[in-house]
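**Student:** Protein sequences appear in the order of chains A and B. Residues 1 to 418 (full-length UniProt numbering) make up the first sequence, in order. Residues 1 to 418 (full-length UniProt numbering) make up the second sequence, in order.
Certain hints may be false.
Claimed, not checked - Quick list of simulated restraints, FRET-style, between CB atoms:
(1) B/P166 to A/L22: 45 to 53 angstroms
(2) B/P166 to A/G297: 50 to 58 angstroms
(3) A/A58 to B/K88: 48 to 56 angstroms
(4) B/L238 to A/G297: 38 to 46 angstroms
(5) B/P20 to A/E234: 39 to 47 angstroms
(6) A/L380 to B/V205: 41 to 49 angstroms
(7) B/R10 to A/P93: 26 to 34 angstroms
(8) A/H31 to B/N411: 49 to 57 angstroms
(9) B/D408 to A/D152: 21 to 29 angstroms
(10) B/E234 to A/A237: 53 to 61 angstroms
(11) A/S268 to B/G240: 42 to 50 angstroms
These are computed hints drawn from the structure, not numbers from a lab. A virtual CB, placed ideally from N, CA and C, is assigned to each residue, including glycine.
Listed below are the residues making up each chain.
There are 2 protein chains.
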Amino acid sequence: MSRWTLPPDRIPSAWFNVVPHLPTPPQPPLHPGTREPVVPEDLAPLFPTALIEQEVSAEPWVDVPGEVLDILRLWRPTPLVRATRLEKALGTPARIYFKDESISPSGSHKTNTAVAQAFYNAREGTTRLTTETGAGQWGTALSFAAAQFDLDLKVYMVRASYGQKPYRRIAIETWGGEVVPSPVDEPDHPGSLGSAISDAVRDCVGRSDTHYALGSVLNHVLLHQTMIGLEAKEQLALAGERLPDVVIAPCGGGSNLGGIAFPFVPDSGVRLLAVEPLSCPTLTQGRYDYDFGDTAGLTPLMPMYTLGHDFVPPSIHAGGLRYHGDSPLVSSLVKDERMEAVAYPQGKVFEAAIQFARTEGKIPAPECGHAIAATIDEALAAKETGEEKVILFNYCGHGFLDLAAYDDYTNGRLDEIG
Amino acid sequence: MSRWTLPPDRIPSAWFNVVPHLPTPPQPPLHPGTREPVVPEDLAPLFPTALIEQEVSAEPWVDVPGEVLDILRLWRPTPLVRATRLEKALGTPARIYFKDESISPSGSHKTNTAVAQAFYNAREGTTRLTTETGAGQWGTALSFAAAQFDLDLKVYMVRASYGQKPYRRIAIETWGGEVVPSPVDEPDHPGSLGSAISDAVRDCVGRSDTHYALGSVLNHVLLHQTMIGLEAKEQLALAGERLPDVVIAPCGGGSNLGGIAFPFVPDSGVRLLAVEPLSCPTLTQGRYDYDFGDTAGLTPLMPMYTLGHDFVPPSIHAGGLRYHGDSPLVSSLVKDERMEAVAYPQGKVFEAAIQFARTEGKIPAPECGHAIAATIDEALAAKETGEEKVILFNYCGHGFLDLAAYDDYTNGRLDEIG
Chain A
1 MSRWTLPPDR IPSAWFNVVP HLPTPPQPPL HPGTREPVVP EDLAPLFPTA
51 LIEQEVSAEP WVDVPGEVLD ILRLWRPTPL VRATRLEKAL GTPARIYFKD
101 ESISPSGSHK TNTAVAQAFY NAREGTTRLT TETGAGQWGT ALSFAAAQFD
151 LDLKVYMVRA SYGQKPYRRI AIETWGGEVV PSPVDEPDHP GSLGSAISDA
201 VRDCVGRSDT HYALGSVLNH VLLHQTMIGL EAKEQLALAG ERLPDVVIAP
251 CGGGSNLGGI AFPFVPDSGV RLLAVEPLSC PTLTQGRYDY DFGDTAGLTP
301 LMPMYTLGHD FVPPSIHAGG LRYHGDSPLV SSLVKDERME AVAYPQGKVF
351 EAAIQFARTE GKIPAPECGH AIAATIDEAL AAKETGEEKV ILFNYCGHGF
401 LDLAAYDDYT NGRLDEIG
Chain B
1 MSRWTLPPDR IPSAWFNVVP HLPTPPQPPL HPGTREPVVP EDLAPLFPTA
51 LIEQEVSAEP WVDVPGEVLD ILRLWRPTPL VRATRLEKAL GTPARIYFKD
101 ESISPSGSHK TNTAVAQAFY NAREGTTRLT TETGAGQWGT ALSFAAAQFD
151 LDLKVYMVRA SYGQKPYRRI AIETWGGEVV PSPVDEPDHP GSLGSAISDA
201 VRDCVGRSDT HYALGSVLNH VLLHQTMIGL EAKEQLALAG ERLPDVVIAP
251 CGGGSNLGGI AFPFVPDSGV RLLAVEPLSC PTLTQGRYDY DFGDTAGLTP
301 LMPMYTLGHD FVPPSIHAGG LRYHGDSPLV SSLVKDERME AVAYPQGKVF
351 EAAIQFARTE GKIPAPECGH AIAATIDEAL AAKETGEEKV ILFNYCGHGF
401 LDLAAYDDYT NGRLDEIG
């Protein structure tokens, strides 16, 4: 057997909070004006109370509402798959497992937090959401979730992706969301996640019917993703494994990485590996400092690895990883050396993604290709040493909406810088 | 609970053959030259022996080889889902279930037979396959399967789809297949499944390393798809249902319809409903007669409903249903009134598909939208009568690679003829 499923009634009913397990207690975000620690009221124009509470919670577990579980059960628990065909192609003694988040309705892990955020907003009376999206994974996920709770949605899409990824835009519109390219006031600018966040926050502030939703970076977002790692732990046990030797995930803002890795933080023998694009090397080349989450300086200052909030990453295709900063929780773990980080160039990512497609049969999103590239290198290292290493990586999304990037790679049209 | 899964070791280990259950014994295909019944040797240039045996088999069950099961277990058994959100939106007392074939690696049911065909060809020493593809679902499925067995593949893609659906072409190439638009010798012709079959058969005949693979129509293809209905039966029992009142599936060549419906043929109380596009109304407006499977008259003559082998359907987007003929097994069931058929215009199909996306959260392939449109009508009829009808339909594929068609529909660019 090489695939482990769990029935819908075995979905975890509480999220795992990594905060009590951090080597260093988290530092607070600072108000962008006063530079004092933010208080919940500062965040009230943007988020519902429940999410603000989760943002600052130090409780080890947070209950998942039944209404959220009802929707997650449409596709969760997701399968854990052993990549035996890839192992064989590599000739490695390593056992490679991946958690298949691509089967969610919008095709990626982003749907996990989208449902929770839409639910809490609807429950507190919000009728409209704004958000940003880079590659479009988050925008599609939130559009799906907004439709489930009858919320209106406006998505500010990084202009480079808006042009390169029309299918993501159409998917958002099919679920009922509205999409505009960002930055809205600079039609020639390729955009960045930072500038799209500014647009979405500006649209939200001052409208009492509207809240803002973020698809990564924040503590509550990563909290919602921990379903991934919790299920994986249970499924690895079903597969007869104790713990993985290394857990690998791509990292842009940190949400799919946090989702699979955080439940393993207390297991000190488990290595945790973040994989980022060489063109946007936040964890590997950024500085650890307080910085804004957006370009315009509207968000609180967060303690994180950053390339500077005015950094404009090259318009590479793995757009979901093009963020100047990183989750404060992930940053804290990297700073304290509980988590490692590595950066990969784009060519190597697509090479790995195509090898995966031809062996395991699934075409990954380019973001996901980063984890696959690092997984292959870990497996080849195990081949050198003969070690029967257990590798777990997050298959965070499929690439059906990113096929133009594959075409560009195959035909030599990709910028090799990143 | 609204989703029923089965673990990978509960996949059916034998395919269901409908032939012993037909009201009228099947008539033989005829040789295109002599018009005499074909003998196995006539088919040997095209297909491996095992598939020829399955094509003429009257055994009630056919064992699935272990090597095929090993690959099918990557995604099978597929979930059975109750569409409670759609039921609620319609206000119907009907209980609507769908079998989710969209989670296969290539995103549709076609993968089921692709794996079996690639296996039998590889086992008998073939190293290269040719095939046709309309909308591209079959081409992607066979490219995935060919990669699993290290077979070379050349896909002749209906020219209209080649232009409208670049993502399908790229997916085929990503798995390693070669794609060319068809008809190869008429660069201005939009093409049809019939002409693409001619191209693929011509390429195959006379090359000893090459066989031909067909994605629908033939008995062995529909046999491989019966996994769908077999699993659905078991899962409906888990859901507490006896038998469905009606089983619904889209119908082009008949393979996803046969796959879900054939295991219910012996259950005389179960209605079986084929849904075809109004622009290519084979079952509802065609004649029952012997006709060629392709445009050029290279294939055997088959007893089926047909619009004539020189029929060129309009270039609508639901390309997978654009076939002049139909499966002889499906045709026989319709002729004997064991199966019903209905035709839907394209606008109504997309309207239904979008309602499904916004309620159930999944964006269907346009082909699949045909089944959804008919399901909605059955559910609304049940609302009129107050009947607690159980409806089962085949969610045969996702629409992530068909989003341009949604954009065209939403923006009024679709030809409303079909």
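**Student:** A range of 41 to 49 angstroms was offered for this pair. Does it hold for the Cβ distance of A/L380 and B/V205?
**Tutor:** holds (44 angstroms)
**Student:** Has the hinted range 21 to 29 angstroms been met by the Cβ atoms of B/D408 and A/D152?
**Tutor:** holds (24 angstroms)
**Student:** Honestly, do A/H31 and B/N411 meet the 49 to 57 angstroms range at C-beta?
**Tutor:** violated (44 angstroms)
**Student:** Do B/P20 and A/E234 keep their Cβ atoms within the hinted range of 39 to 47 angstroms?
**Tutor:** Cβ of B/P20 to Cβ of A/E234: about 44 angstroms, so the range 39 to 47 angstroms holds.
**Student:** Between B/E234 and A/A237, is the Cβ distance one that fits in 53 to 61 angstroms?
**Tutor:** violated (27 angstroms)
**Student:** Does 26 to 34 angstroms hold as the CB distance between B/R10 and A/P93, or does it fail?
**Tutor:** At 30 angstroms between Cβs, range holds.
**Student:** Starting from the hint 48 to 56 angstroms, judge whether the C-beta atoms of A/A58 and B/K88 obey it.
**Tutor:** violated (39 angstroms)
**Student:** Is it true that A/S268 and B/G240 lie within 42 to 50 angstroms of each other by Cβ?
**Tutor:** Since A/S268 and B/G240 have Cβ atoms about 46 angstroms apart, the given range 42 to 50 angstroms holds.
**Student:** Look at the Cβ atoms of B/P166 and A/G297 and judge whether their distance stays inside 50 to 58 angstroms.
**Tutor:** violated (40 angstroms)
**Student:** Does 45 to 53 angstroms hold as the CB distance between B/P166 and A/L22, or does it fail?
**Tutor:** With Cβ atoms ~46 angstroms apart, the hint holds.
**Student:** For the pair B/L238 and A/G297, does the Cβ-Cβ distance stay inside 38 to 46 angstroms?
**Tutor:** violated (55 angstroms)
Checked against the numbered hints above, the structure breaks hints 2, 3, 4, 8, 10 and satisfies the rest.
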